Every structure is written in structure tokens, then in C-alpha cells.
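J.: Sequence:
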Amino acid sequence: MLGFETIGNATLIAFDGKPKLVTDPWLSDTAYFGSWGLSYSIPPEQRSHIQECEYVWFSHGHPDHLNGDSLPALSGKKSSWAIMWAAASTRR
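All the letters of the sequence shown, read from the start, carry residue numbers 822 to 913 under the working numbering.
Bear in mind the hints are in silico, worked out from the structure with no lab data behind them.
Mixed in with the good hints there might be a few duds.
What the hints assert, rightly or not - Capping the alpha-carbon separation at 30 Å, the derived lysine-lysine pairs in DSS-like fashion look like this: (1) K841 - K898; (2) K899 - K841; (3) K898 - K839; (4) K839 - K899.
The structure presented is a predicted model; accordingly, all values stated were derived computationally and were not measured.
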């Protein structure tokens with residue numbers, strides 16, 4: 822199956838036969854020093870899809886996109902946030 826699922830304000834799970842890529846995963850806790858929080862629970866099936874993804878992409882460093890409390894759940898995944906930062910830095 823080719824497709825995608827969305828979760829919250831920026832998280833997307835892309836599928837190519839199986840979950841392959843998750844973007845900006847904010848899985849728990851708060852952002853912006855407690856002023857923002859998840860207003861819903863992520864369903865178990867979508868949490869499972871996030872864990873099955875091989876790749877994670879962070880669009881930028883705001884805490885609702887690169888959430889520090891969510892990082893331990895993403896260990897072992899291939900990440901592209903550093904590459905995106907390097908590419909953006911060279912365009913100045």
C-alpha cells in the first residue's frame with residue numbers, strides 16, 4: 822500500500838508496502854515550556870506504525886517538531902534532520 826497517515830499538527834507516517842518514514846514525531850509530554858500539549862492520545866495502531874518506520878525526518882528544531890521527550894522512542898532510526906540543517910546553512 823502506498824499512502825500516509827497524519828497525527829496532530831505535523832506528524833505524518835508514509836507507507837510503501839509498510840510504514841517507512843515518520844515526520845516530526847511529537848509522541849508525548851509538552852512543548853514550549855509546558856504551554857502546548859497533546860490534546861489527544863495517539864492510537865496504538867499509529868504508535869506501532871511509528872515504531873515500524875525505518876526513517877525519521879525532522880523539518881526544523883521547534884519543540885513541537887523535534888520533541889526531546891519523544892527522541893528515546895525513536896532510537897535506532899535513520900534521521901535526516903542534520904542533513905537538512907547543513908543544506909539550509911549552505912544557501913545563505
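J.: Indicate, hint by hint, whether the structure satisfies it.
T.: Outcome of the hint check:
Of the supplied pair hints, the one linking K841 and K898 holds, its CA atoms being roughly 10 Å apart against a limit of 30 Å. Proposed proximity of K899 and K841 is supported: the alpha carbons are some 11 Å apart, at most 30 Å. With a CA separation close to 15 Å, the supplied pair K898 and K839 stays within the 30 Å bound. Restraint check: the Cα-Cα separation between K839 and K899 comes to about 16 Å, which is no more than 30 Å; the hinted pair holds.
Of the numbered hints stated above, none is contradicted by the structure.
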